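> Here is how the chains run, residue by residue.
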Amino acid sequence: MADDAAGPRGRWSDERVEQLVGNLLRTGVIIAAIVTALGGAALLIQHGAARADYHLFRGEPAALRSVGAVAASALRLESRGVVQLGLVLLIATPIARVLLSLVAFVLQRDRLYVAVTAVVLAILLFSLVFGGHA
Amino acid sequence: MTVLLMTALVGLGAFAAGLLGALTGLGGGIVIVPLLTLAFGVDLRYAVGASLVAVIATSSGSAAAYVKEGYTNIRVGMLLEVATTAGALAGAYLSAVIPTSAIAIIFALVLLFTAAQSLRGAGEQLTAAADPLARRLRLGSSYPTPGGEQSYQVRNVPLGFLLMLVAGILSALLGIGSGVVKVLAMDRAMHLPFKVSTTTSNFMIGVTAAASAGVYLRRGYVDPTLALPVMLGVLAGALVGARMLTGARTRVLRLLFTGVVVVLAAEMLYKGATGGL
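Top line first, the protein sequences correspond to chains A and B.
Each residue of the first sequence is one higher than the one before, starting from 1 at the first, in my numbering.
Each residue of the second sequence is one higher than the one before, starting from 1 at the first, in my numbering.
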């Protein structure tokens, strides 16, 4: 990418952004996996002896369906809520990556890719905030 | 079956899927939904929710390494993510209206297509001349090879974009990463180098899956108790697989994986035709 008109090199060169994106993805997955595993240990201790039944679809309760409700459930230290928070953090990781790309393209003054990235971010946020009503 | 036993068994299956997926480079995501629905009798919606979350974990984990090594083409990825996320959002809404038996048959066809593609090699046809659209979008780049940085150009952006819409719809409908369709779009249609195609596909999978996972979370498809062993199992399998040196055995593993995929396809086809899913 060194020869294209992507904007200033140095702090926001494409190579630097690649390193940042890589670190962000790795950190997000590690944090999400740790939260899920900790919540999972508690979940298995509390509910391990219950009967597992996924033959019939009932849908999750409201406390496990939206980002706000999941965070509230996790703060109450409900084990299912903590696991779900880990899963939400995982879903949020690629979204954070797109946000980082958006910032990088803005700082590179790459207007075309700022627009492209903004569309992707809008679709992702729409899905997480308003999605689900079929 | 108790939650504890189910967690252990699903975790083992997910670990095997992640391991085989990483060793063969084919991704383990495609076998998760058949495993959960066929072997454990899990409702398709819960299976798709759990599988998508696992797909985000493995693709983001391995994308981290490839991006740093400079293989991934972030501009190509961003541009095509417009198509995959729009497709995924459409697929998430379609999944509520398409009957389960039809989804099972689509799944079987995608499994068979994956098996066929896994036996074919790279379709690497590098092009020296970018077409005007690709040049305006500044998609050309370079990637590391044993002989130094190799620059490449890009062609057929509209066809690639269209194929990525399909990849997004399939990802949401079936709870898979759609890596095979993504690689096909970049490698065959857009003439990107094979290594750039596979790593950029992997880079895009997490974002594609996140677009439909958001909808499914809000619709109550993501069950923490089921997703727990699926996500951690696949992730652990993929991590172990990435650290194992396979060398000459890759071919045998590929054949094994392809065999598993064909068997699952037959089973899905049968269940779809008889309405048993």
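Incorrect hints may have been included.
[Unchecked claim] Below, a list of computed lysine to aspartate or glutamate pairs in the EDC-like style, where the Cα atoms sit at most 16 Å apart:
{"no.": "1", "chain 1": "B", "residue 1": "K68", "chain 2": "B", "residue 2": "E149"}
{"no.": "2", "chain 1": "B", "residue 1": "K195", "chain 2": "B", "residue 2": "E149"}
{"no.": "3", "chain 1": "B", "residue 1": "K195", "chain 2": "B", "residue 2": "E69"}
{"no.": "4", "chain 1": "B", "residue 1": "K68", "chain 2": "A", "residue 2": "D53"}
{"no.": "5", "chain 1": "B", "residue 1": "K68", "chain 2": "A", "residue 2": "D14"}
{"no.": "6", "chain 1": "B", "residue 1": "K68", "chain 2": "A", "residue 2": "D110"}
[Claimed, not checked] To give a feel for the contact side, a few chain A residues facing chain B, derived at Cβ under 10 Å:
{"no.": "7", "residue": "N23"}
{"no.": "8", "residue": "D53"}
{"no.": "9", "residue": "A62"}
{"no.": "10", "residue": "V67"}
{"no.": "11", "residue": "A71"}
{"no.": "12", "residue": "A72"}
{"no.": "13", "residue": "L75"}
{"no.": "14", "residue": "G86"}
{"no.": "15", "residue": "T93"}
{"no.": "16", "residue": "P94"}
{"no.": "17", "residue": "V106"}
{"no.": "18", "residue": "L112"}
{"no.": "19", "residue": "I123"}
[Said to hold, decoys possible] Going by beta-carbon spacing under 7 Å, a handful of chain A positions derived as facing chain B:
{"no.": "20", "residue": "S13"}
{"no.": "21", "residue": "E18"}
{"no.": "22", "residue": "L20"}
{"no.": "23", "residue": "G22"}
{"no.": "24", "residue": "G40"}
{"no.": "25", "residue": "L44"}
{"no.": "26", "residue": "Q46"}
{"no.": "27", "residue": "E60"}
{"no.": "28", "residue": "I95"}
{"no.": "29", "residue": "L102"}
{"no.": "30", "residue": "Q108"}
Keep in mind that the hints were calculated from the coordinates and are not lab data.
Note that the structure is predicted; figures quoted are calculated from it, not measured.
Note that the Cβ used here is the ideal one computed from N, Cα and C, for glycine as well.
> If a hint holds in the structure, say so; if it doesn't, say that too.
Right, here's what the structure says about each hint:
no. : hint              : verdict
1   : B:K68 <-> B:E149  : holds, 15 Å
2   : B:K195 <-> B:E149 : holds, 13 Å
3   : B:K195 <-> B:E69  : holds, 12 Å
4   : B:K68 <-> A:D53   : violated, 42 Å
5   : B:K68 <-> A:D14   : holds, 11 Å
6   : B:K68 <-> A:D110  : violated, 21 Å
7   : N23               : holds, 7 Å
8   : D53               : holds, 8 Å
9   : A62               : holds, 8 Å
10  : V67               : holds, 8 Å
11  : A71               : violated, 13 Å
12  : A72               : violated, 15 Å
13  : L75               : violated, 15 Å
14  : G86               : holds, 8 Å
15  : T93               : holds, 5 Å
16  : P94               : holds, 4 Å
17  : V106              : violated, 13 Å
18  : L112              : holds, 7 Å
19  : I123              : holds, 4 Å
20  : S13               : violated, 12 Å
21  : E18               : holds, 5 Å
22  : L20               : violated, 9 Å
23  : G22               : holds, 4 Å
24  : G40               : holds, 4 Å
25  : L44               : holds, 6 Å
26  : Q46               : violated, 10 Å
27  : E60               : holds, 4 Å
28  : I95               : holds, 6 Å
29  : L102              : violated, 9 Å
30  : Q108              : violated, 11 Å
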